[in-house]
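K.L.:
The lines below spell out each chain.
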Amino acid sequence: MELTSTWYLVLAAILFALGATGLLVRRNPLIMFMCVELMLNAVNLTFVTFGNDLNDLGGELSVFFVLVVAAAEVVIGLAIIVAIMRRRNEATADDLSVLRG
Amino acid sequence: MELVVFLIAGALAIIGALGLILFRHPVHSALSLVLSLFAVAVLFVNQDAQFLAAVQVIVYAGAIVVLFLFVIMLLGVDKAENLSVEPIAGQRPIAVGIGIAILALSVFFIFSVSGNAATGQESVTAEKVDSITGTTTSATEALGDDQVDGTEDAPNIDQLGRSLFTDYVFAFEVTALLLTIAVVGAVLLARKPKGELAPLPAIPDRNAGPVPELEALETLGDT
Amino acid sequence: MNPATVNLATMQLVELVWLVPLFPLLGFITLMLIGRRLGEPVAGWVATAAMGGSFAAAVMVFIGMVGLDGESGERIVQVKLFDWVVAGDFSVDIGLLADPLSVTMILFITGVATLIHLYSIGYMHGDANFSKFFVYLNLFAFAMLMLVLGDNLLLTFLGWEGVGACSYFLISFWFTDEANASAGKKAFVTNRVGDFGFMLATFLAFFAYGSIEYGEMFSGAPIAQSTATAIALLLFVGAAGKSAQFPLYLWLPDAMAGPTPVSALIHAATMVTSGVYLLSRINPILAAAHDWAPSLIAWVGLFTALFAATIAIAQDDIKKVLAYSTVSQLGFMVVAVGTGAYVAALFHMITHAFFKALMFLGSGSVIHGMNDDQNMKRYGGLAKLMPITAGTFIVGWLAIAGVPPFSGFWSKDEILISIYANGDIFANKVLFILLLIAAILTAFYMTRLVALTFFGAPRWRDEVTGEAFVESDEELPLRHPHESPWTMTFPLVALAGAALVAGGLNLPFTKDLHFLEHWLEPSFFFEGKDNIFHDLPSGGTKWIVAIIATLGALMGIGAAWKLFFDKRGGTGPESPPILAQGWGYDNAVTSFMGGPGEKSFDAMAEFDATVVDGTVNGVGKLIQIDGGILRKIQNGLVRSYAALIGIGAVGVMIYFLVVGA
Numbered sequence: 003m004e005l006t007s008t009w010y011l012v013l014a015a016i017l018f019a020l021g022a023t024g025l026l027v028r029r030n031p032l033i034m035f036m037c038v039e040l041m042l043n044a045v046n047l048t049f050v051t052f053g054n055d056l057n058d059l060g061g062e063l064s065v066f067f068v069l070v071v072a073a074a075e076v077v078i079g080l081a082i083i084v085a086i087m088r089r090r091n092e093a094t095a096d097d098l099s100v101l102r103g
Numbered sequence: 333m334e335l336v337v338f339l340i341a342g343a344l345a346i347i348g349a350l351g352l353i354l355f356r357h358p359v360h361s362a363l364s365l366v367l368s369l370f371a372v373a374v375l376f377v378n379q380d381a382q383f384l385a386a387v388q389v390i391v392y393a394g395a396i397v398v399l400f401l402f403v404i405m406l407l408g409v410d411k412a413e414n415l416s417v418e419p420i421a422g423q424r425p426i427a428v429g430i431g432i433a434i435l436a437l438s439v440f441f442i443f444s445v446s447g448n449a450a451t452g453q454e455s456v457t458a459e460k461v462d463s464i465t466g467t468t469t470s471a472t473e474a475l476g477d478d479q480v481d482g483t484e485d486a487p488n489i490d491q492l493g494r495s496l497f498t499d500y501v502f503a504f505e506v507t508a509l510l511l512t513i514a515v516v517g518a519v520l521l522a523r524k525p526k527g528e529l530a531p532l533p534a535i536p537d538r539n540a541g542p543v544p545e546l547e548a549l550e551t552l553g554d555t
Numbered sequence: 002m003n004p005a006t007v008n009l010a011t012m013q014l015v016e017l018v019w020l021v022p023l024f025p026l027l028g029f030i031t032l033m034l035i036g037r038r039l040g041e042p043v044a045g046w047v048a049t050a051a052m053g054g055s056f057a058a059a060v061m062v063f064i065g066m067v068g069l070d071g072e073s074g075e076r077i078v079q080v081k082l083f084d085w086v087v088a089g090d091f092s093v094d095i096g097l098l099a100d101p102l103s104v105t106m107i108l109f110i111t112g113v114a115t116l117i118h119l120y121s122i123g124y125m126h127g128d129a130n131f132s133k134f135f136v137y138l139n140l141f142a143f144a145m146l147m148l149v150l151g152d153n154l155l156l157t158f159l160g161w162e163g164v165g166a167c168s169y170f171l172i173s174f175w176f177t178d179e180a181n182a183s184a185g186k187k188a189f190v191t192n193r194v195g196d197f198g199f200m201l202a203t204f205l206a207f208f209a210y211g212s213i214e215y216g217e218m219f220s221g222a223p224i225a226q227s228t229a230t231a232i233a234l235l236l237f238v239g240a241a242g243k244s245a246q247f248p249l250y251l252w253l254p255d256a257m258a259g260p261t262p263v264s265a266l267i268h269a270a271t272m273v274t275s276g277v278y279l280l281s282r283i284n285p286i287l288a289a290a291h292d293w294a295p296s297l298i299a300w301v302g303l304f305t306a307l308f309a310a311t312i313a314i315a316q317d318d319i320k321k322v323l324a325y326s327t328v329s330q331l332g333f334m335v336v337a338v339g340t341g342a343y344v345a346a347l348f349h350m351i352t353h354a355f356f357k358a359l360m361f362l363g364s365g366s367v368i369h370g371m372n373d374d375q376n377m378k379r380y381g382g383l384a385k386l387m388p389i390t391a392g393t394f395i396v397g398w399l400a401i402a403g404v405p406p407f408s409g410f411w412s413k414d415e416i417l418i419s420i421y422a423n424g425d426i427f428a429n430k431v432l433f434i435l436l437l438i439a440a441i442l443t444a445f446y447m448t449r450l451v452a453l454t455f456f457g458a459p460r461w462r463d464e465v466t467g468e469a470f471v472e473s474d475e476e477l478p479l480r481h482p483h484e485s486p487w488t489m490t491f492p493l494v495a496l497a498g499a500a501l502v503a504g505g506l507n508l509p510f511t512k513d514l515h516f517l518e519h520w521l522e523p524s525f526f527f528e529g530k531d532n533i534f535h536d537l538p539s540g541g542t543k544w545i546v547a548i549i550a551t552l553g554a555l556m557g558i559g560a561a562w563k564l565f566f567d568k569r570g571g572t573g574p575e576s577p578p579i580l581a582q583g584w585g586y587d588n589a590v591t592s593f594m595g596g597p598g599e600k601s602f603d604a605m606a607e608f609d610a611t612v613v614d615g616t617v618n619g620v621g622k623l624i625q626i627d628g629g630i631l632r633k634i635q636n637g638l639v640r641s642y643a644a645l646i647g648i649g650a651v652g653v654m655i656y657f658l659v660v661g662a
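Residue numbers (our numbering), protein chains in the order written: chain A, 3 to 103; chain B, 333 to 555; chain C, 2 to 662.
Don't read these hints as lab results, they were simulated from the structure. Fair warning: there could be bad hints in the mix.
Cβ pair distances, simulated, as ranges [as the list claims (entries may be wrong)]: (1) C/ILE655 / B/PRO525: 43 to 51 angstroms; (2) A/GLY60 / C/GLY649: 25 to 33 angstroms; (3) A/GLY60 / B/ALA386: 14 to 22 angstroms; (4) B/ALA386 / C/LEU658: 33 to 41 angstroms; (5) C/VAL613 / B/PRO425: 43 to 51 angstroms; (6) B/ALA386 / A/MET3: 26 to 34 angstroms; (7) C/ASN636 / A/MET3: 47 to 55 angstroms; (8) C/GLY615 / B/PRO525: 53 to 61 angstroms; (9) A/VAL71 / B/PHE440: 26 to 34 angstroms; (10) B/ALA508 / A/GLY60: 18 to 26 angstroms; (11) C/VAL613 / B/PHE440: 51 to 59 angstroms; (12) C/GLY649 / B/VAL417: 21 to 29 angstroms; (13) B/PRO525 / A/GLY60: 41 to 49 angstroms; (14) A/ASP58 / B/GLU505: 17 to 25 angstroms.
Predicted model only: the values in this text are computed from it and were never measured. For glycine and all other residues, C-beta sits at the position ideal for the given N, C-alpha and C.
Chain A on its own, in the form it takes in the complex:
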């Protein structure tokens, strides 16, 4: 059995699918956020795999930037969650539905 990049890609797809399912199923905002991080990770793995495959450093650099932006996103996201949850700390994602039609 030869270890080709296909294996890595399949693994990344599995992680991504798990992250997506988790995002849709869980109600706690923090856990939902962590699922998003999992999905980003799967994407990073894909990038590195392709970069390795095509001998192109662009893959690794993309991961670098994704990492930075994910970090920034987490910072802001958590700040928002803090701002909301400060007043109501048993709220779940389902309770924040004021913007309904």
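Given the structure of chain A, go ahead and fit chains B and C onto it with the hints provided.
P.N.:
Only chains B and C this time, still in chain A's reference frame:
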């Protein structure tokens, strides 16, 4: 050797992911995420992206997840979620369906692509230099020109740095700016508000009918 | 002057034909703006001056046209003013067609109209809406002139509708009386039925010829006979509405509710002749139609002539007699058109304009002097008290009865001769005899009118002395008949003069005296068609017909005189009620319209409200309902939105799977 590493790390990653989505306590989920991140870092090393593996561990596992844990601790949102009830009808089946669909489609695409590039695969991987040992891993000589990429023999971090500060310097600077903005935003958002707080909007009862203001709109059309 | 410059000068005169409708238009605008301030009688003089200017322009155009050569088609002049509608294949411009036919029309239209305007100044004296009357009169004149001068069907239709609208305005001029308003509405609605035929004919003509301009229509490729028949008959429907032929005549007697000058101008001399004009204008289409189409027109005209004549002998209202007389005389003209004798029809149109307008104005004078009483049973013996009115009226009477040498004789004779000359067709022989009977009836009822009104013993009491001249059981009204002022009598005299000498236009003795026929030749195309333009029979036939016609007229006059001239104040035999009510036709139409007609109109309105409006409202309601359903997707829950995003993402992936990148 790589195969074994891959199998173990892959299994750990999947176990971590499953733990993330199945544990009820947020702290347990966060720790599962850490396991998954570590496994992915190992996989990075397996693919000769050592710098990225280090960055992954330091930034992701070491900073982001810690941030999560801080927030959990700060807000006291550590109540276990009641996973047996699903308030939104049909959400679970849809979620599982989406997951399966994404997985199936992705795998399909992967195999339809990799079938074409299978033959080119070996020689490419063979050419990559193992920067730790400094030796090529394949007996067959590659195309034999070191002029293809002058940085071929340099360590991974050297190659990255050179590329980052020459070809992608603009993106690099913008990313730095982005981080600054994120910091400022976070500080502003998380400040404790001064003075009187506006009253909280009531949590609407989802089982009730449409929002009352909208009921007036419904009768507008009748003349 | 060398001929080139002469021709240039006369050509330019003809091209000033746009002045003719311009004057009444200016008069209309001026009076509309400042008429009320000008007041009586200045507003009337302004209007009359406008018409006078128009008449002068018409004479100028006529002089210019005389200078052009008739043989070579120079006399057909088209003056394009500006583009009106340009829409792809369909283009219509505001253009005036000055050819002998239209110049003839504008001459007598403007002439008679000027006289009637002058008359109205006296007649409408003291009316509260004096200036408004002249506003309408000028507008009417403008519309009529556009009708006659238009060089395409659409412009003619513009004038057509305009005169219809003005007729409505003027008939219901004293609209505070419900009966007058109803009469106006009746006129308008009945005309509308005719207009519908006109519109359909216009569409069909555009479809068949590709253009609705007369020049292009008549010089283009010939069209299918059935199409020509359809167009001709549809236009005849329009003409029947305007020219009061059966079954669309019933607005004309009711239209007498308007002031008498209106009756004289619109319902004797001009508007009602526009139908005959239209049929003359489209004579090439009539020629291209099946042979039974003009025959149908002729028989409808004959039926109308007889029908109306029988009703006229039973009317007691002086204006109603004249109204039915007009319907009858129009029937004569339509018969002439139907048998191809266009010149005879137009000749009769001109003479009829003179003597009928004269008689209407005369009757107005009588009504004026008799305190607005229109019942002839209460007239009598007015000849001595209103000499000018009576004298001129007698001229008109003799003209319409067909007594030589008055103009009516010549024109009616022309029609009879033309029909007789085509007598190898058996139907035409019947036509001739029936028309002769109608002519005799004409003489009869007009004599009755004159005898009852001007002669015999007065059936009223003198207002001043209270003296009664006849014995009667009932109280006779007090009257003070007097002659009218010069503004009213001058037009009477002028028209009487015209009625006397107008016969000279087309004397049948020799070909050289056929002035009207030669003049009108270019307007009637006669290449290869016999039934349009034929020579009158020479020699004995002419004289025989003339003598028969004269004898018939004298017979009618004699019979009526015997019955109705009574020195002791009798009014002759009672009119049979069925005739007096117009054979019940009017009542039948009214009950139909009020009964099943009204029900169908209500059903139509109901349909509009429920189906048409319902559909429009229903669309809105449908959208509202759909919105209500779609609104439920927005439930405000983030996870639902995330699920939808997921579904979308899967959809995109499937798309790439199926279609390929």
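K.L.:
Next, verify each hint and record whether it holds.
P.N.:
Hints, one by one, checked against the model:
Between C/ILE655 and B/PRO525 the Cβ separation comes to about 47 angstroms, which falls inside the hinted range of 43 to 51 angstroms. At roughly 28 angstroms, the beta-carbon separation of A/GLY60 and C/GLY649 lies within the given 25 to 33 angstroms, and the hint holds. At roughly 19 angstroms, the beta-carbon separation of A/GLY60 and B/ALA386 lies within the given 14 to 22 angstroms, and the hint holds. The given range of 33 to 41 angstroms is respected by B/ALA386 and C/LEU658, whose C-beta atoms sit roughly 38 angstroms from each other.
A C-beta distance of roughly 48 angstroms is found between C/VAL613 and B/PRO425, which places it inside the suggested range of 43 to 51 angstroms. Hint check: B/ALA386 to A/MET3, Cβ distance near 29 angstroms, so the stated range 26 to 34 angstroms holds. The supplied range of 47 to 55 angstroms is met by C/ASN636 and A/MET3, whose beta-carbon atoms lie about 49 angstroms from each other. The beta-carbon spacing between C/GLY615 and B/PRO525, approximately 57 angstroms, falls within the hinted interval of 53 to 61 angstroms.
A beta carbon spacing of about 29 angstroms between A/VAL71 and B/PHE440 agrees with the range 26 to 34 angstroms that was offered as a hint. A C-beta distance of roughly 20 angstroms is found between B/ALA508 and A/GLY60, which places it inside the suggested range of 18 to 26 angstroms. Hint check: C/VAL613 to B/PHE440, Cβ distance near 55 angstroms, so the stated range 51 to 59 angstroms holds. The beta-carbon spacing between C/GLY649 and B/VAL417, approximately 27 angstroms, falls within the hinted interval of 21 to 29 angstroms.
Checked against the hint of 41 to 49 angstroms, the pair B/PRO525 and A/GLY60 passes, with Cβ atoms roughly 44 angstroms apart. Checked against the hint of 17 to 25 angstroms, the pair A/ASP58 and B/GLU505 passes, with Cβ atoms roughly 22 angstroms apart.
Figure legend: structure checked against the earlier numbered hints; every hint is met.
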